[in-house]
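Here are the chains, one letter per residue:
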Amino acid sequence: VTVIFAAMQEPTFFIMTALAAGPQHGYGLIQQVAELSGGRLRLRPGTLYGALDRLAGEGLVAREHEEVVDGRLRRYYRLTDPGAAALAVQARQLRANADAAEARLRLRVTPA
Amino acid sequence: MSGGQHPELERRYRRLLRAYPAGYRADRAEEILGTMLALARPGQRWPRPAEAADMLAGGLGCRARAPLSNTIRSGLSVAGPLALALAGALATVWLVFFEALPGRSFSFVDEYGLRTVPSPHTAGWPLYLPWIAALAALLLGLGRLTRALTGLAVLGQLVALILAAGTAWPLPPVYVHAVLLLLGLLALSSPAGALHLSAGAREALLLVPVLLLGQLPLRVGYPTGGEAFRYDGPWRADLMEVHLTVAVTLILALCALALARASTRWATAVPLLAGPPALLVCATGQRGTVTQVAAVAGWLVGLAALGWLTNRYTWQPQRAPGPPLPD
Numbered sequence: 001v002t003v004i005f006a007a008m009q010e011p012t013f014f015i016m017t018a019l020a021a022g023p024q025h026g027y028g029l030i031q032q033v034a035e036l037s038g039g040r041l042r043l044r045p046g047t048l049y050g051a052l053d054r055l056a057g058e059g060l061v062a063r064e065h066e067e068v069v070d071g072r073l074r075r076y077y078r079l080t081d082p083g084a085a086a087l088a089v090q091a092r093q094l095r096a097n098a099d100a101a102e103a104r105l106r107l108r109v110t111p112a
Numbered sequence: 001m002s003g004g005q006h007p008e009l010e011r012r013y014r015r016l017l018r019a020y021p022a023g024y025r026a027d028r029a030e031e032i033l034g035t036m037l038a039l040a041r042p043g044q045r046w047p048r049p050a051e052a053a054d055m056l057a058g059g060l061g062c063r064a065r066a067p068l069s070n071t072i073r074s075g076l077s078v079a080g081p082l083a084l085a086l087a088g089a090l091a092t093v094w095l096v097f098f099e100a101l102p103g104r105s106f107s108f109v110d111e112y113g114l115r116t117v118p119s120p121h122t123a124g125w126p127l128y129l130p131w132i133a134a135l136a137a138l139l140l141g142l143g144r145l146t147r148a149l150t151g152l153a154v155l156g157q158l159v160a161l162i163l164a165a166g167t168a169w170p171l172p173p174v175y176v177h178a179v180l181l182l183l184g185l186l187a188l189s190s191p192a193g194a195l196h197l198s199a200g201a202r203e204a205l206l207l208v209p210v211l212l213l214g215q216l217p218l219r220v221g222y223p224t225g226g227e228a229f230r231y232d233g234p235w236r237a238d239l240m241e242v243h244l245t246v247a248v249t250l251i252l253a254l255c256a257l258a259l260a261r262a263s264t265r266w267a268t269a270v271p272l273l274a275g276p277p278a279l280l281v282c283a284t285g286q287r288g289t290v291t292q293v294a295a296v297a298g299w300l301v302g303l304a305a306l307g308w309l310t311n312r313y314t315w316q317p318q319r320a321p322g323p324p325l326p327d
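Read top to bottom, the protein sequences are chains R and B. Numbered per our numbering, the first sequence finishes at 112, counting up by one with no gaps. Numbered per our numbering, the second sequence finishes at 327, counting up by one with no gaps.
I should point out that these hints are in silico values taken from the structure, not numbers from a laboratory. Among these hints, one or two may not hold up.
To be verified - Computed footprint of chain B on chain R; a stretch qualifies when at least three of its residues, placed anywhere within it, have a C-beta under 8 Å from a C-beta of chain B:
id, segment
1, 25-33
2, 37-50
3, 67-76
Even for Gly, the Cβ is constructed at its ideal location relative to N, Cα and C.
Construct all of the structure, not just a fragment, from the sequences and the given hints.
Below you can see the structure in the form of C-alpha cells.
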C-alpha cells in the first residue's frame, strides 16, 4: 500500500476520493473530480478511463454494474477494500505533509 | 446531454475512438462514447482539439501498454523458430568453415620475425551438432524433438561459454557461444507449439539454411593462400560477409514466414531477433570480451524491461477486486 500511495498522482487521488462514497460512472466521476478539486482538475475521458484501467489492474478499483440511460451505456465503478486502504494511507500522508509545511511556515521570520 | 442528439458529433467521436485497439473498443467504446456525449456542449458538432488530443493520447497509451503481452507472445512465436533456424545455420557454417575444412598450423616470417599460426580447429565441434539436429527436426515438423534438442544445445553452449571465458580450453571464442545461447533461449521462450511449424512456414524457413549453405561452395574455393578459415584469423572480413548474409537471410525469411502466416507478427519479432545478429556483427567487428558481454547484458536487460512492462501494463478487461496488497 505504501508503494502504491507514493506513486499516486493528483487525478488518481481525486478519482479514488470520488469513489470513496459509493459507486460512480465515468461522467459522474468527471463531475465529482472537478467539484472535489475546486474546479482545478477537469478530467477528460481518455485520461479518466486510462486511470481507471490502471487502478482496476492494480485491484484498487472494480467494475460494479451497468445501466442504460437514454440509450447510452453507463458503467459504474467502485473502490475496492485495498483501494480504500491505499486512499486512507494517501490521505494521512497528505495531512502529515500539510501539517509539517504549516509548522515550518509558523517558524518563518518575517522581515521587519 | 444525452446521446442521439449529436449524430455528426457521435460519428466523429467514434472516429476518434479508433485510436484505441479493436479489442478495447469492443468492450469500452459505448461507455466512453456515452461519457463524451454527456460532456459535449449543446449544439456541438465537432470534437474540440483538446478532446481529440485526449482521445489520441489515451488510445496510443492503451495500444502501447495494453496488448503488449499478446504482442510479445505472438512475436515470440515467429522469432522463436527463426532464431533456431539461424542458430542451426550458423552452427553449420561454423562447423564446416572452422572445424571441418582442412586446417593446419604453419609458420611464416614477417617484420616481427618467425611466427607460428596454430591449427584453427578447436574442441568445439560437438557443440554444433545439437543445433544442426534441432534445425533438422524443426524443418521436419517435429515440434517436441526440436524443443528437446534446442534445450540440449543451449545447455551445452552454456557450459562452453563458461569454459571459454574462464579456461584455456581450445574452444571457439566467447561470441560464438553467446550468440548461439541467445538464439537458443529465444527459441525456447517461444510459446508451446511455436516450434511445430506448418508446412508453409517450414518451406519459408528453408530459406535460412538454403541461402546460408548455398554459399559454402564459394567459400570452399576461396583463395585463402593455403591458410584455413579461423575464428580470429585474417579472414575476419570474410566472416563479416557471412554474418551480413545471415542478417539479410534472416530478414528475408522473416518476411516470407510472415507472408506464409498472413500475419503482422513479424513486426514484433524483428526487435526480439535483432539482438543476437547485432551482437554477432559487433563481436566480429571488434575484439574484446567486454564489448561482447556488454552487448549480451544490454540485450538481456532490454528483454527483461520489455517483460516487466508487459506484466506491468497488461490491460485486463474484467478484473475482480485484486488480492490484498502487501503493507
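Do the hints match the structure? See the list:
A stretch counts as covered by a chain when three or more of its residues have a beta carbon under 8 Å from one of that chain; for the segment 25-33 of chain R and chain B the count is 4, and the coverage holds. Given as covered by chain B, the segment 37-50 of chain R passes the check, having 7 residues with a CB less than 8 Å from a CB of that chain where 3 are the minimum. Given as covered by chain B, the segment 67-76 of chain R passes the check, having 7 residues with a CB less than 8 Å from a CB of that chain where 3 are the minimum.
Of the numbered hints listed earlier, not one is contradicted by the structure.
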